[in-house]
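Asker: Sequence:
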Amino acid sequence: MLLTKRTGAGHAAARSDERSPFVHSLQRGLSHALPTMDRRAFLRRSGLGVGVGVAAGSLALVKKARAAEGGRETAVGNGRIEVKRTVCTHCSVGCAIDAVVENGVWVRQEPVFDSPINLGAHCAKGAAIREHGHGEFRLRYPMKLVDGKYQRISWDQALNEVSAKILELRKASGPDSVYWIGSSKHSNEQSYLLRKFVSLFGSNNCDHQARICHSTTVSGVANTWGYGAMTNSYNDMQNSKCAFYIGSNAAEAHPVSMLHMLHAKENGCKMIVADPRFTRTAAKADQYIRFRSGTDIPVLFGLLYHIFKNGWEDKKYINDRVYGMDKVREDVLAKWTPDKVFEASGVPEADLYKAAEMMAKNRPSTLVWCMGQTQHSIGNAMVRASCLVQLALGNVGVSGGGANIFRGHDNVQGATDIGPNPDSLPGYYGIAEGSWRHFAKVWGVDYEWIKGRFADPSMMTKPGITVSRWIDGVLEKNELIDQGPNLRGVIYWGHAPNSQTRGAEMKRAMDKLDLLVVIDPYPSATAAMAAMPGRPEDLNPNRAVYLLPAATQLETSGSATASNRTLQWREKVIDPIWESRSDHMIMYQLAEKLGFGKELVKNMKMQKVKGMDEPMPEEILREVNKSVWTIGYTGQSPERLKAHMRLMAHFDVKTLKAKGSVKDPETGYDIEGDYFGLPWPCFGNPELKHPGSSNLYDTSKHVMDGGGCFRANFGVERDGVNLLAEDGSFPKGCEITTGYPEVDHVFMKKLGWWNELTPAEQSAAEGKNWKTDPSGGLIRVAMKNHGVHPFGNAKARAVVWNFPDPIPQHREPIYSPRPDLVAKYPTHDDKKAFWRLPTLYKTLQQKNLADKVHEKYPLILSSGRLTEYEGGGDETRSNPWLAELQQEAFVEINPKAAASRNIRNGDRVWLKTPTGAQLNVQALVTERVGPDTCWMPFHFAGRWMGADLLAYYPKGAAPVVRGEAVNTATTYGYDSVTMMQESKTTLCNVEKA
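Going by numbering that gives the first Met the number 0, the letters in the sequence shown line up with residues 0 to 992, in that order.
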C-alpha cells in the first residue's frame with residue numbers, strides 16, 4: 000500500500016501527480032457523512048498495520064548514525080544516513096525530534112530523550128511530523144485560478160504577475176491597499192524578515208496569528224508588569240505546589256506540557272481546572288469548576304474576594320512590588336460578593352472558597368491560561384484579572400509560581416516578539432519616529448527613504464489594520480476607514496482563514512479583492528474559499544488568485560521560540576520538495592521584483608538553494624541580535640543556540656540550567672551557567688554571555704544569573720504615588736537597593752559609571768537609552784559591573800490607567816444569553832477609527848437584545864482544540880496518520896439539550912448562528928458540556944454549510960479529512976484594546992438534520 004511504500008528511500012522523487020486508488024478511496028470515504036471508523040477498522044481498510052513493525056527499526060537506525068564519527072553521519076553501503084535535530088512544527092511546547100535521513104529522504108524519526116522540554120515524549124502530531132515534510136497532499140507548484148479551476152504555472156510567471164499586480168495596486172491606491180498576513184509557522188528569522196519587508200514596502204498593514212490567539216495576553220500582561228509573555232516555564236511547574244488552569248485544556252492542546260504537571264502532582268502539587276467544559280485536563284484535577292463562558296472576571300475576582308476576606312494576600316510583596324492593589328481590593332470586595340459571582344458565573348461560593356484556600360495555602364502556586372480566556376471582547380481585562388490573582392498572592396517572580404501562558408503555534412511567541420505586528424517593529428519597539436530611526440540604522444537604510452515609501456508621513460506612525468478585521472478593510476464604507484483606500488490585495492502567508500471568525504463575511508471579502516495570494520506548503524481553506532462560487536454581486540471580475548508553494552520548516556534551518564521563551568535551532572532535515580521554496584527566499588525574490596531587494600538583504604550573506612539566492616538564516620538572526628535589545632533577543636547567537644541543541648542532555652529538567660561546565664565539540668562554546676535555549680531576555684551581546692531568563696522578575700537571583708524585577712516602563716510616579724519598587728526590593732547583588740528608572744546615558748553619567756564604557760561605546764551610547772544603544776555598552780556596564788537591570792526596577796500595575804477599564808470589569812459578551820445581566824454589565828461604547836476601523840460594541844449588543852437573539856439561539860457556542868489536529872488543520876488533516884484519528888467535524892451537546900431537540904449521539908445536525916450560517920456536523924451527546932453550552936473543535940474546513948468543497952481545491956492538494964469550520968458561523972466581537980476576536984462566547988441553536 001502507498002503509506003508503507005512511502006517509508007522507502009527515494010519515494011518522493013518517484014511519486015507521480017496522481018494519488019493512489021487507496022488515497023482516493025480514503026478521501027472519498029472520509030468526506031461523506033459516514034459513521035466514524037475505529038482505529039482497527041481503519042488499519043484493516045488501509046493496510047497501515049504493517050507500518051507499526053517497520054517503525055520499530057527507527058531506534059536502530061539512529062544508533063547506527065550516532066555511532067559514526069561525530070554522531071551525525073555514517074555511510075551505509077553506497078548510501079548515507081544522517082541524523083538531523085529539529086523541533087516539532089505544531090504547538091508551542093517545543094518538542095525536539097531526531098530525523099533520520101537516508102540518501103536525502105527522511106525515513107524515520109525519534110523523539111529526543113535528552114530534551115529537557117519533551118523528555119523523549121511526543122503527542123500524536125509530533126509522532127507523525129515526518130509526514131509534514133514528505134506529505135502527499137502538499138501544494139507542489141505555483142498555481143493560478145483560471146475560470147474557476149487552478150492551473151499550474153511557472154515560478155517566473157507567478158512572481159512576475161503577482162509583483163506586477165502589487166505594483167499596480169500600490170500606484171493606483173497606495174501601499175496600504177495591500178495587506179500582508181504573516182505566519183506563526185515562520186521561523187524567527189522569517190518573521191523578522193517579513194516585518195522588515197512590509198516596512199520597506201511602506202506600510203504597517205500586516206499581522207499574524209497572535210492577533211487571534213494571544214494579543215490580549217501580550218497587551219494585558221505587558222501593561223501589568225513589563226513583558227507580555229509567559230513568566231516561568233513548563234519545567235518550572237514541577238516546582239509548583241498548586242496550579243490553577245482557566246481556559247486551558249493543556250492535555251489536548253499542549254499534551255507534552257502535561258508531563259511536567261503530572262510530575263508536579265506526583266510531588267504533591269494540587270491542580271484546579273476552571274472551564275465551561277469538562278476537559279481531559281479537568282479529568283486530572285483535584286477540583287473542577289464549571290462556569291459560564293465569558294465570565295472569567297467574576298470567577299477570578301471571586302477567588303480574590305476570599306483571598307482578601309481571609310487575609311491570604313502577601314502584604315509585604317504588595318507593598319514593595321505592586322501599585323494600586325488597594326483600589327482593586329476595594330472594587331472586588333464591593334462588587335464581587337459570592338452572590339454576585341454566582342449570579343454572573345454560576346459558580347457557588349463554596350467552590351471558589353475551596354480554590355482560593357488551595358491556592359493560598361499551597362504556595363508557590365501558578366496560574367495557567369490559554370485562548371479560553373483571551374478570545375473575548377474583554378480579553379485584555381480577563382488577562383489582567385489573572386495577573387491580579389498572582390500579584391495578590393505574591394506568586395510572580397518566584398520559582399513554581401508565575402503566569403504560565405501556553406501559546407498555540409510552534410513559533411507564535413517568536414513571531415509576536417519580532418514579527419509582522421501592525422503596531423510595532425521587531426521587539427515591540429513601537430512605530431514612533433525614534434523606533435524607525437533605530438531600525439533604519441540597523442538596516443543600513445536612510446530613514447527619509449523609508450518614510451518616503453509610505454503613502455504620507457502620518458501613516459508611518461499609525462498602527463495598521465489587524466488580521467482579525469481585514470474583512471472590514473475590504474467591506475467597510477471607505478469614508479469610515481482611517482486610511483486612503485480600502486484593502487484591494489491580501490497576501491495569506493501561512494495563515495488559515497478558518498481560524499478567524501465571521502467566515503461567511505470573509506468569503507464576500509475574498510470575492511471583492513483585486514488580488515489574493517496564498518503562500519503555504521498546503522493550499523489551506525483559502526484556496527477552496529476563493530474558488531467556490533459566491534454571491535454574483537460580490538465577485539470582482541478582475542480578481543487574480545495565486546497559490547505559491549512554500550517549504551516547511553523541516554526544509555530549511557532557523558530558530559523558533561517556544562512558549563517559555565526558549566529559542567531552539569532547527570537543522571534543515573531535507574531539501575525543499577517539488578517546486579517549493581523557503582519563505583525567506585520568496586520574500587527576497589518578491590522584494591527584488593518590487594524594487595527593494597538590495598535594501599532587504601543589505602549586510603546579509605546569501606547562500607545557494609536549488610541554484611537560487613537565499614538569505615542565510617544565521618545572518619538574519621545576527622541582524623536580530625544587533626537590534627532587538629528591548630526584549631533581549633541579542634544574546635542568542637546562532638553558535639550558542641546550536642551548541643545548546645547538541646548538548647541538550649546537560650541541562651537540568653526542573654531549572655533548565657546547565658548542570659556544569661560542558662564544551663560544545665564543534666565550537667568550543669561552554670554552556671556553563673546558561674539556561675536551555677537562552678530564554679529571552681538574554682541581554683547584551685553574545686560575548687556578555689548572559690544566561691537567559693528562565694523565570695522573569697525573580698529578585699532572588701543576580702541579573703547576570705537571569706534574575707530581575709518588574710519593568711520601569713510606566714513612569715516614576717502616578718498622582719503623587721511612587722511607581723518604583725520600595726526600599727529593600729531589588730535583585731540579588733544589585734548596587735541600587737531601591738527602585739530606579741530605566742538605564743540611559745544620563746543615568747550612567749549621574750552615577751559616575753559613564754567612564755566604564757569604552758570610548759567606542761561612549762560614542763555609540765551618547766544620547767541613547769539601553770534599548771537604542773547599538774553597542775550594548777549601557778547594558779554591559781549596568782548588569783555586569785553593578786548588578787543593575789537595564790529596564791529599571793518598578794512596581795507592577797494593578798491599575799492600568801491607560802486601558803478602557805483601569806481595574807478589570809466584567810462586561811457581558813456582545814452576543815449574551817443573559818439580557819438581565821447585560822443591563823448590569825453592558826459592553827463598551829462603540830469606537831470610531833479604532834485600529835483604522837469603526838468597531839461596534841453597545842449598538843450591536845442592544846440590537847441583539849431588541850431582536851431577542853438569545854431566544855432564537857439559546858445555546859452558548861464555544862470552540863477549542865483537539866490533540867490530533869493543529870490550528871486551521873490543513874497540515875494535520877492532510878496527514879493520513881492523524882486523519883484516521885478524527886474523521887468528522889462534530890458539535891458537543893449536553894444530553895438535556897439534545898433530548899429536547901430529539902437528537903441522539905451520532906446524528907447529523909444543523910448548527911445555526913445569528914449570522915445566518917448553518918453547519919452540518921455530527922452530534923456528540925456528552926455531559927462534558929453543560930445544558931446551556933455547545934462546543935466545536937476549530938480545526939476543520941473543506942465543507943461549507945453542508946457542501947463538500949473538494950472540487951475547489953487544487954487537484955491532489957485537498958486534505959484527507961474535510962469538515963465544517965466553526966468560524967464559518969461565528970459572530971462579530973472584538974477586544975477593546977487589541978481587536979482580539981470573540982470566538983469563545985457566542986450563541987447558536989442545534990437542530991436535527
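Bear in mind the hints are in silico, worked out from the structure with no lab data behind them. Please note: incorrect hints may appear among the correct ones.
Simulated crosslink set (DSS-like; lysine-lysine; CA at most 27 Å straight-line) [to be verified]:
id: 1; residue 1: LYS143; residue 2: LYS164
id: 2; residue 1: LYS625; residue 2: LYS783
id: 3; residue 1: LYS283; residue 2: LYS269
id: 4; residue 1: LYS841; residue 2: LYS830
id: 5; residue 1: LYS308; residue 2: LYS334
id: 6; residue 1: LYS823; residue 2: LYS326
id: 7; residue 1: LYS607; residue 2: LYS592
id: 8; residue 1: LYS700; residue 2: LYS461
id: 9; residue 1: LYS658; residue 2: LYS601
id: 10; residue 1: LYS658; residue 2: LYS607
id: 11; residue 1: LYS823; residue 2: LYS841
id: 12; residue 1: LYS748; residue 2: LYS440
id: 13; residue 1: LYS353; residue 2: LYS264
id: 14; residue 1: LYS240; residue 2: LYS353
id: 15; residue 1: LYS601; residue 2: LYS823
id: 16; residue 1: LYS991; residue 2: LYS895
All of these numbers come straight from a predicted model, not from anything done at the bench.
Asker: Now look at each hint and say whether the structure bears it out.
Answerer: Going through the hints against the structure:
no.	hint	in the structure
1	LYS143 x LYS164	holds (13 Å)
2	LYS625 x LYS783	holds (19 Å)
3	LYS283 x LYS269	holds (10 Å)
4	LYS841 x LYS830	holds (10 Å)
5	LYS308 x LYS334	holds (13 Å)
6	LYS823 x LYS326	holds (21 Å)
7	LYS607 x LYS592	holds (19 Å)
8	LYS700 x LYS461	violated (40 Å)
9	LYS658 x LYS601	violated (40 Å)
10	LYS658 x LYS607	violated (39 Å)
11	LYS823 x LYS841	holds (13 Å)
12	LYS748 x LYS440	holds (25 Å)
13	LYS353 x LYS264	holds (18 Å)
14	LYS240 x LYS353	holds (15 Å)
15	LYS601 x LYS823	violated (57 Å)
16	LYS991 x LYS895	holds (14 Å)
In summary, the numbered hints that this structure violates are 8, 9, 10, 15.
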